Structures are given as structure tokens and as C-alpha cells.
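Participant: Under my numbering, think of the first position of the sequence shown as 965, with each following residue one higher.
Read the hints as simulated data drawn from the structure, not as lab findings. Fair warning: this is a prediction, and the values are worked out from it, not measured in the lab. All C-beta atoms, glycine included, are put in the ideal place defined by N, C-alpha and C. Please note that a few of the clues may not be correct.
Derived Cβ-Cβ restraints for the label pairs, each shown as a range [as the list claims (entries may be wrong)]:
1) Asn1014 <-> His1038: 19 to 27 angstroms
2) Ser1202 <-> Pro1163: 45 to 53 angstroms
3) Glu1204 <-> Phe1012: 15 to 23 angstroms
4) Lys1152 <-> Ile1238: 18 to 26 angstroms
Calculated pairs, EDC-like style, for lysine to aspartate or glutamate (alpha carbon to alpha carbon, straight line, at most 20 angstroms) [stated by the list, open to error]:
5) Lys1066 <-> Glu1003
6) Lys1233 <-> Glu1221
7) Lys1198 <-> Asp1124
8) Lys1220 <-> Asp1232
9) Lys1152 <-> Glu1204
10) Lys1078 <-> Asp1004
11) Lys1143 <-> Glu1153
12) Lys1058 <-> Glu1010
13) Lys1152 <-> Asp1174
14) Lys1143 <-> Glu1077
15) Lys1061 <-> Asp1004
16) Lys1058 <-> Glu1077
17) Lys1200 <-> Glu1097
18) Lys1143 <-> Glu1132
19) Lys1073 <-> Glu1132
20) Lys1142 <-> Glu1077
21) Lys1152 <-> Glu1221
22) Lys1084 <-> Asp1018
23) Lys1067 <-> Asp1004
24) Lys1152 <-> Glu1097
25) Lys1197 <-> Asp1091
26) Lys1078 <-> Glu1003
27) Lys1084 <-> Glu1097
28) Lys1084 <-> Glu1132
29) Lys1073 <-> Glu1119
30) Lys1197 <-> Glu1097
31) Lys1084 <-> Asp1020
32) Lys1143 <-> Glu1221
33) Lys1061 <-> Asp1018
34) Lys1208 <-> Asp1124
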Amino acid sequence: MKSKILLAVALLLAISTTSVWAADSSEKTNQKTGSYTNEDVWAAYEGFNNTLLDPDKYIYKTTSAYEQAVDRGHGAAAIWCQPIYWDMSMNAYKLAKAQKDKKKRAYYKELCEKIFAGNKAQYCHFDFDNNNENTGWFIYDDIMWWTISLARAYELFGVDEYLKLSEESFSRVWYGSKKVGDTGSYDKENGGMFWQWQPIHNPKPNRPGDGKMACINFPTVVAALTLYNNVPKKRKESTEESPKYQTREQYLAKGKEIYEWGVENLLDKKTGRIADSRHGNGKP
965 MKSKILLAVA
975 LLLAISTTSV
985 WAADSSEKTN
995 QKTGSYTNED
1005 VWAAYEGFNN
1015 TLLDPDKYIY
1025 KTTSAYEQAV
1035 DRGHGAAAIW
1045 CQPIYWDMSM
1055 NAYKLAKAQK
1065 DKKKRAYYKE
1075 LCEKIFAGNK
1085 AQYCHFDFDN
1095 NNENTGWFIY
1105 DDIMWWTISL
1115 ARAYELFGVD
1125 EYLKLSEESF
1135 SRVWYGSKKV
1145 GDTGSYDKEN
1155 GGMFWQWQPI
1165 HNPKPNRPGD
1175 GKMACINFPT
1185 VVAALTLYNN
1195 VPKKRKESTE
1205 ESPKYQTREQ
1215 YLAKGKEIYE
1225 WGVENLLDKK
1235 TGRIADSRHG
1245 NGKP
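From just these sequences and the hints, can you work out the full model?
Facilitator: Right, here's the structure in full:
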């Protein structure tokens, strides 16, 4: 199911990118048959929000069959999908800014703020050590998708809270949580990132044969390098065992390490395909 939703989101984003390109090109040349106009782009995104955004909570629903996004299993889209939808609102803001549309720019800036506030209220105020299975955090990649979007939001708007939460969530995934009892996604012995801690409550340490999925490893790379681009340049290294922040150099090193692990263990170099996961020394 997760892969199907990801595919749908990827297709939507791809269509939007194509649409923006076509809209820009139309000012210079006649559009080719089947291309998208600028109006198409905005209509598609506004239709998406009118259909799937809960106007009271400002989080997204799984489908239009639900009137409200209550919680997991009751209308609310998955916790890892919400930051991707937040990304879409940021992209809308950036497009409005690029087009010098002051009205749309103000509207989508406010929408970005409302979506953040709505998700903060829904998901334990971004307490990444809260592992309840309804509105909390219980799989590593769910957290890391938020790390990426929070870092991007900081890059776009400069809100300190976004960077603080992004770094805290990265640390939570990498090092684990004393409160939850998990030892973190990063495998110190063999490299790569484990996908989950198990059981969700009172977890045991990850074992060498546990799954290391593409959906945690490559998002970790994106998160680390996005943070690398945004944290202060002259920051000193933390002396804590599980630091809440990293230096630029540390984020860069972590991003490179996990990328190299992913290429070595999940990429089929002949076909270019990425495997779903690898378990220990088993075939990807």
C-alpha cells in the first residue's frame, strides 16, 4: 500500500513539474498538444485540497469517502504522507512567488502555516518519543519524512522551530529513544538504517537480519544533506552521547555514508532498479 501511495504522489508531483514547465514555455511558443497550462496546475492543486484537506484540522484525508480526518484508520492520511502534502503547499507558495502573484503567495504562505499547526496538534506536538500507534511515532521512516519537510520549510521560511524539530527528529531516528527504549535506526556494526523497532512498546535491539528498507535509507540521505545546507556553518560538535544536532560536516558524512550503503546494498547496477529492502546478508 505504501508503495502505491508513493507512486501516486510521485505522479502528481511529476505532472505538476511538467505543468509548470509547459506554462512557462507557453509565453514564448505555442503549446504542444497535450501540454498543461498554468491554470491547469493551479486548478489541479486547488482541486486536490478541496477534496482531501480537512478544512477544520488542516491535515489530509486518505480518500474523499471521509468527511473528516479523525485519526489513523479513521480518515486521516498516513503520518508519513502528511509532510509530503505539506511539501506540496510549499511548492505552491514558491510557484506563486516566482510568478509574482502577491495574492496567491500570501494565501499559500498562510496555508503552509496552517498545515504545520494542524499536524502539530494532531501528532503529539511533534514529540518524537511518543510511540502511541494512533497519533504518535512508531516507524523510523515516518519520522524521517518529517525531518526532510521540516528542513525544507526552514530553508523556505526561516522559522527556527522548523529547524529545531527537523534536527530533533533526525537525532531520534539515528540514535533511538531512551524513553521508548529503542536503540536507533542506524546500524553501527554493518551500516545502513533499520526500518523499525519491534515490538513498538518495550522494543528489543535490532538484529543483523532485520530489514533495512529503501524508504528509510534514502530519505535519511535527503534529510542529512538538506540539513547540511541549512545549519550554521561554524557550529561546534555536541559532546552528548545522543546529540540533538550535528555540524554541517557531520550531516554531510552521515548522508554520504548511508548513500554509499544504499547504492551497494539496494541498487541493481545493471538495471538501475532499487530494491525494497535487504535483510542481513540476504538478497535485496
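Participant: State the violated hints by number, sorted upward, taking the hints as numbered earlier in the document.
Facilitator: Structure breaks hints 2, 3, 10, 11, 14, 17, 19, 20, 24, 25, 26, 30, 32 and 33.
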